[in-house]
Structures are given as structure tokens and as C-alpha cells.
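Novice: Sequence:
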Amino acid sequence: RVLHSACSFTHFLFFFSLSLPLPPNTVVLLDSKAQQTNLEWISSPSDGWEEISGVDENYIPIRTYQVCRVMEPNQNNWLRTNWIARGTAQRIFVEMKFTLRDCNSIPGVLGICKETFNLYYFETDSGTGRGIKESQYLKIDTIAADESFTQGDLGERVMKLNTEVREIGPLLKKGFYLAFQDVGACIALVSVRVYYKKCWPIIENLAVFPDTVTGSEFSSLVEVRGTCVTDAEEEADNLPKMHCSAEGEWLVPIGKCICKSGFQQKGDECEACGRGFYKSWSQDLQCARCPAHSHTEREGSSRCECEDGYYRAFTDRPSVPCTRPPSAPQNLIYNINQTTVSLEWSPPADNGGRDDVTYRINCKRCSWEQGECMPCGNSISFIPQQSGLVETYVTVTDLLAHANYTFEVEAVNGVSDLSRTQRLFAAVTITTSQAAPSQVTGVLKDRVQQRNVNLSWKEPEHPNGVITEYEIKYYEKNIKERTYSTVKTTSTSVTIYNLKPGSAYIFQIRAFTAAGYGNYSPRLEVLTLEEATATAASTEQNPVIIIAVVAVAGTIILVFMVFGFIIGRRHCGYSKADQDGDEELYFHCKTYIDPETYEDPNRAVHQFAKELDASCIKIERVIGAGEFGEVCSGRLKLPGKRDTAVAIKTLKVGFTEKQRRDFLCEASIMGQFDYPNVVHLEGVVTRGKPIMIVIEYMENGALDSFLRVKRFTSIPKCKRNSTVHTFTLPDVKQRHYFYSHQKHDGQFTIIQLVGMLRGIAAGMRYLADMGYVHRDLAARNILVNSNLVCKVSDFGLSRILEDDPEAVYTATGGKIPVRWTAPEAIQFRKFTSASDVWSYGIVMWEVMSYGERPYWDMSNQDVIKAIDEGYRLPAPMDCPPGLHQLMLDCWQQERNERPKFDQIVGILDKMIRNPNTLKVPLGSCSRPINPLLDQNTPDFTSFRCVGDWLEAIKMERYKDNFTAAGYSTLESVARMTIEDVMSLGITLVGHQKKIMSSIQTMRAQMLHLHGTGIQV
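Per the UniProt record's numbering, the sequence shown starts with residue 1, numbered consecutively.
Among these hints, one or two may not hold up.
What the hints assert, rightly or not - Result set (EDC-like, lysine to aspartate or glutamate): computed pairs, CA atoms no more than 16 Å apart in a straight line:
1. K689 / D776
2. K500 / E531
3. K919 / D878
4. K241 / D284
5. K993 / D878
6. K637 / D662
Unchecked claim - The calculated label-pair distances, taken between Cβ atoms and stated as ranges, are:
7. S491 / E372: 37 to 45 Å
8. P915 / L239: 22 to 30 Å
9. L638 / L239: 16 to 24 Å
It should be emphasised that the hints constitute simulated quantities derived from the structure, not laboratory data. Quick reminder that beta carbons are idealized off the backbone N, C-alpha and C, glycines included.
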């Protein structure tokens, strides 16, 4: 009777289930509920599992298996499914719905009855029949019921099912069996469903991604290469990829396809441009209407053809309207001055629809007799030039006298040379008059004496008449040219007398005809010979003169160097840092310019940041998310340079103009900096999508997370308390011994940490010298490269500081990072380089504590209050007292008493050169260290147990609550959170706050006494 009442319930009960159907990204391999006939699974022994019929919540007949051999010990009943082909799946899910009877409701079976069963599987390439041994199965899990039923539940006629899902994988063979082992339970296996997950086909960014089975591991992503849809092509160096997640979802799209030229995107397809429309470049989004005077006769055109008589220049974009040559210039006039002609004209009435109209001059010389004309050649000159004229005038010189010339002025534009029509121009014919001779050339000094010089020259190339005489002008070189002498001659040679010995003279010659004088020849310098008596004396005195001249010149140069050095110190930001007698000198001739002072922010971006071609950037993977969009890593390949690793910040789609301006503002700031300890800006992409900021790639990421990884790789193991779900450390003495004797495997030496701090300080010194205030200096905003070089980054909160060292910037709102911000900046919103020094002291504490959170979990208001009362952070564990002393100097209440960044760099340099200074005993600190404690709260060391502590804070009513939850030591209490306090049944909000406030103070006291935080 017991067996019948316990096991036969499925014959007359229906099962009620609230489970949801499988998600649409699943493929079912087996569903026992879908089979109306016998399942015919193999049961061993045959009188164990029994196949019976039942109905589900919709009264649909189903086949189930049950077993209830609870009256006999040592049960081993097996049920095996038929062979299940896995297809391409490697990770399989098994969903089981079952009911199970509570053993307590069956009399006389305690110690024999079980409330669990086991799930196994066996891999094979084909069905093997019954020849599988129990030892060949691999166990998946032991299945227990969340809810069981009793004998009294049978009267309700409705029973809630248990649903359990287990995972198998990775599978390597073609199929598998499932087996269910009963060891003495009263259970009904209502349904079994076997399925796997896949990513269904999808079209994303015009790329088709086929259905893809998920990976073999829970956390694996399957990378899938997309195939472009018809009439689309892959974007250059940006192949379309997506990743199929373990849950059957498509994630992390990278790259895309774009419609080819002549096609535009419509939904997930590319359609051809209609007649009268075109698309010349695949990067264009939509087809455009043909520009003026052009057309297309077919669909899918990449450019529009020009109408007859209209043309498009080779340099014109397809979007430019077709144009034609201009008409002829108007109102051509001229003016003749002997052999020089000046031409002027007005622009053409029709410029052909273009704004690149220029002018060119054609010159022809015509004979008197037959009227034949020929090109003028290269003997004449055009001022400013013969072709490519922008202005509407030109001067023609060096024409022949008494000659006929024809000048044609033609207006041309970018399509003039493409036109086959007759060229239009304005023309004029003129006759030159008598002209002066051309310039005398080839002047030679034939003989030079002490007091006379003999000169000769050639006749001008164009005499333009009969030369009646030549005029020779000469003067001493060291006398002004307006005081000169002249000599006239009719021949091409002359001797000039009465000159001074040993003197330099300048000579020039010009010819004269009936038309007047021509131009002077180029200057000829001649030095007359010294007298015999003066020559010897001069020879003896020359070395003395040379020495004197050199001495005077050297003195002048030295004076200018000193003067320039003083000016350089005043205007170039000269700085020095004392390093044990050595001085480190550097100049900063640039001054930071706030981008917000520009009316047009785009001008600031293009002035300070280099515009990059998007084709030079290859995005490889997503590494994070920023305020404005994704942060990726990739490669930058500039022409003629090797590709480099870069980090890429992208602006998310759908941005507002303000978001775009704020996003590019950081690039406008970074582009002004060039220093090894400040993150370098490679450039920006503003003329494409997405808008990007490209910076150097820092392999180790943010300093705070980098240090935390180092910290957690070498802290002692924690033991978990299964009763109250908190963590328990070794006792204080053991923990102190651990930190004192281990070698910090995986961590850094003190010298390495100080070197990192020195790099940060040097970067801040550079920024301060440029007149720049960071406002958000913290370890999270310091990036670390593969060589452990630290660089300052994240300039979103920075502002300009004027030349006056006392000038400050007053913000009008926004969030302030309280734990890193100086008191005057929090209270008055005043930021200076001195407030950055305060923040640098917090960064020092973060580095020496390996990324510990400043002030731990104290609230911002508690931090502000403690700082105002004069409390400061204690020294981290193993922190040299000299470094903690420097932190305290940075945390001076009066900002004028804090050190400057160049002083900080000098102090750290001394520590690096003298490592022994990092080992000074703690008692050598000159200033007393105020621990971050509340003086009104009793010292926790005076308490012997948790009860004493509760009595001291007048919360003794909760002693039993703490004892029942396992909080027996003050150290375990110090690690409690607000959730832990609430879990003790303490519901009054005032009591919760009072207990947590005391716990925070207790934690701070522990940190001060033991020099380390409570590691969880």
C-alpha cells in the first residue's frame, strides 16, 4: 500500500508548471513531452524505473517514468535514454522536470529513503545498444528537489514540478546517451528536454552572419566573419566581424560593409541609384541628384555625364556641376611707354559657372612689309607673369623699338583646355616708339693701379638707336652712394684717375641715345693697390688688428648670449630642481591655451590636434567603455612610418553637438602637451564617422587597477565563514609576520614604486609650468605602459591658470572627487597647482598601498569633516617614513605651505640616488602623525569582546544577534557591511547608522595600528 500510494500518483494527477518556454535561440535535440507513444528507454533492472502515462497542465497526454523502491535498502536503478545525435553542438543543456516525495511522509523508511537522484552521460559515435557499463558513464550532477510533496498533497490533485537544468560539454563525439540513477528515492521523471544554443542568422551593418553554434565554454565567444550583401563591399581595413556569445546572442560588432558606388543602403539591402541620381564613392551614404548640366541614362550610376558644351575638369569632384569656358575679357586698353606696354581689361561677362578664372597673354610680332606675325619668344618679359594671372592687368617689357606687336588676352578656367569650340579672346595691335638703350653688360677691370683703374664693357644688346656716349658713375664703397663722380666717353673703355690707394670703389655704366639714358649696369667693386710704404706697415699690424676684432666680436656675442639667457628665463618658464648639487634645467616656451576661449571649438581642435585619415586606423577590439562611447585598441599606420599600437576613443552614434564639443575638448587640451610623462595624442578623426580620438597605447592600463592586481596576487588566503557569509583573516600577529617575511612575489620594490611616483611628479611639473591645473589627479587617471612608465591622462576637468601664481579658477558646478581634492577646492571651488599637489599626495598613498581606496569606505561627508579637523591618512604598510612625510607636506591645510612639483621631483630624485633614506626608522619623523580617528570614540583595544563594545556604544540589546550570527571577535565585526548589520535583524535605521559609524572608526584604528587594510 505504501508503494502504491507513494508511486502511482502520476496516473491520476496532472502537473502544474510555471516554467517559461525555451528562448528562440535554442535547438531541441530531445523532448519527451512531444512523444505520444512509448519512449522505450532502457531500464535496469527491469522492475526499477516504470514508464507510465499522465497528463500535463493542458490535459495533454504525456509519457513519464517513475520509481519508488523505498522499502528496500541499497537501491541502484538505472534509466537510459535512446542515442541522441548532437549535430554541430559542443555544449548541451539538459532540462528535467520531476516530482519527489518527502521521505518523512513515508513511515518506516528513514535511513533507507533518499531525496535525490544522479544524472550521467556517455559519449559515442553511434548507438551501442545495451552494452554500456555503469563505470563508463560520466557523472554530471546529483539532482535534488527544491520542493517535495507528502501524502496529504495527493488530495489537492495539483502538484508543482521541480525544474533543473544542467550543462554538458565540451562534447567531441557524434552523440551521447543520458542516464538517470535512482538510489532509493520516490520520484517521477515527468519530462526531459535536451537542447543547445545557437546564434541565428542576422544581417548587421550590411553583412550577413550565418547561424552559428555557441562555443564549447561558458565564457567563450565565437568570432564570425560576415559576408557583404549583394552590391556591398567591405570597408577598407575594417572587415565585418561579430561574436556569438555562449547565450546565443550576437555581440561586439566590428567593421562593416558599405554599398558600392552607384548603390545606396535601404534597410539591410543595397539598391541601385535611380535615373538622374548617382553615387560616386562607396563611403557616401545616399545617392545624390545629378548636378547642374549633367544627367544619367541608367540605374546604378557612379557619376553623371555632362551635357553637350559642358565639361568637368579632371580635379573636379563628381558632385560639382558641369561648366564651360568663359567668354572673352572685356574693355581691353593699353598704354605705351617707349618699349614697355601696359594692358588692362575687365572680367568676362560669363565666367562659365566657375570661380577659377585666370588670364593668359599671347604675344605676336608682325613685320612691316608683308604683315606676317610670329610668336614673340622669350626675349620679352611679362610682369607679374604671362599666364595664370589673377588680376586684370599686365606689363610687357623689353620690346623692340619701332616694332609692331599684337597682344591677345584670353580668359581661361579649369575646362578651357577640354573645350573643342573656338577660343574667345580680346586683342590689340600696337607699335612701339623710340626707346633708350638696354642695360650695359660685361663690365671688366682690365688694369688696377694705386690711383687709377682701367675698365671695358660690351655694347648693350638692344641699343634702340645710335649710342652717342657712355656715362661711368663711381664712388668709394664706405661713402654713401649720393656722393659720387661721373666720367663720360664715346668708346667702350675708360681709365679713371685720381683714386685713393688701398680703397674700394663701386663702378656702374650706362649708355645714352637720342631717346635718353638706359639702365645702369650691375655694381662692380674694385680695390686699388696699397702704396709701397704703407704695405709693409699694414702687413705687420694685420695680426694685431685681427686679434682685436675677434676679441671685440667675442665680447659682443657673449653679451647677447647672457641677455638672451635672461630673457629666456623670463619668458620661457625656466625651471631647475636641485639634485645633490646638480641642477636639472629645462625650458617651457609654450603656454597652455584653454579651448573654451575659442568661439569656434572646431578651430581649437584643428589648431592643436592632427587630423588623421580614418583609413590609417584599424580597430582590433573593444577594451572598455568611456563617457562618450567605446574605447578600443588598434593600430595606426601613417604613410612612410611603421604601424604603432594605439588606443581609440570613439563618439557614440546619435551624439549632440554639445557632446561632440565636450568629446573633442580633451583632444584640444592633450594636443598642446609633449612630455614623456604625459599621454601623447596621435591625432583625431573629425571628418568621418565615428569621430575618434587616437592616443598612444598604454599596455598596463590605469595605475590603480594595475596595482590592485599586484596586491591581490600576493595577499594571504582568506577563509570563508559559511554561517554569516563574511571573511576571516589570520590573526593580527600571523598577518604581520606574513607581510614582514614574504618577498612580495609579483609586487614591486620600494625603488620601483618611488620611480613611478617620480614620473608622475615630473609630468605634473611640466603641466604646472605650462600654466595648467589638472583638477582630477588620481591613480585611476594615470596610465602605465609596458616599461612601467607612468603618464598623466584624463584632462576632462582641467582648466587654465593665468600668469599670476595666485590666480585660481572658480568652477560653477559639477562633481568633485572629494577623496582626492584639497579642502579649499571642495569648500570654495578654487583650484590651483597647489590643489593638484594635495591630489598628488593622495596618489602617493594609493601607490604605496597598492591601489587601496583612500579613506576606505568612509562617506564623503565623513572624509570632509575628518580633514577639516586635522586628521590625515596613516602610512601604508611598509611605507618608508620619508615618503609618508612627503605625503603630509602635500596635505598641508595652507596651500602656500605645500611643496611645488619641481621640489617634489628633487626630493624623489634624492631618495632614488640614496636608497638608504627609504629605510629610516619610523621614530625619525619630525612631525607627529595624526591617525584618521574619531577622538570621541573609545579605543577598541580597551574592549575584551564584542559584548564590551556593544555596551560602550549602548547597543547591548543586540548581543544575542551578533553571537547567533557567529561574530565572536572584534576583527570579524570590523569587516561587516551595512547589509551584514541588516541581516542580523537590526531594523531601526538609527541603530544601523550608529553601529556602522562605530565599525568604521574601529576599522580605521586597526589600519593605523597594524599599518595595513583589512583585505577581503
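Novice: Note whether the CB distance of P915 and L239 lies within 22 to 30 Å or breaks it.
Specialist: With a Cβ separation near 52 Å, P915 and L239 fall outside 22 to 30 Å, so the hint is violated.
Novice: K993 and D878: Cα distance at most 16 Å?
Specialist: 33 Å, violated
Novice: Between the alpha carbons of K241 and D284, is the straight-line distance 16 Å or under?
Specialist: 22 Å, violated
Novice: Check whether the Cα positions of K689 and D776 lie no farther apart than 16 Å.
Specialist: Roughly 30 Å between the alpha carbons, so the hint for K689 and D776 is violated.
Novice: For a C-alpha distance cap of 16 Å, please report whether K500 and E531 respect it.
Specialist: 10 Å, holds
Novice: Given the hint that K919 pairs with D878, test it: the Cα-Cα distance must not exceed 16 Å.
Specialist: 10 Å, holds
Novice: Run the distance test for K637 versus D662: straight-line Cα separation, threshold 16 Å.
Specialist: 27 Å, violated
Novice: Is the gap between the beta carbons of L638 and L239 within 16 to 24 Å?
Specialist: Distance hint for L638, L239 holds at roughly 21 Å.
Novice: That 37 to 45 Å hint for S491 and E372 (C-beta), does it hold up?
Specialist: Cβ of S491 to Cβ of E372: about 39 Å, so the range 37 to 45 Å holds.
Checked against the numbered hints given earlier, this structure breaks hints 1, 4, 5, 6, 8; the rest are met.
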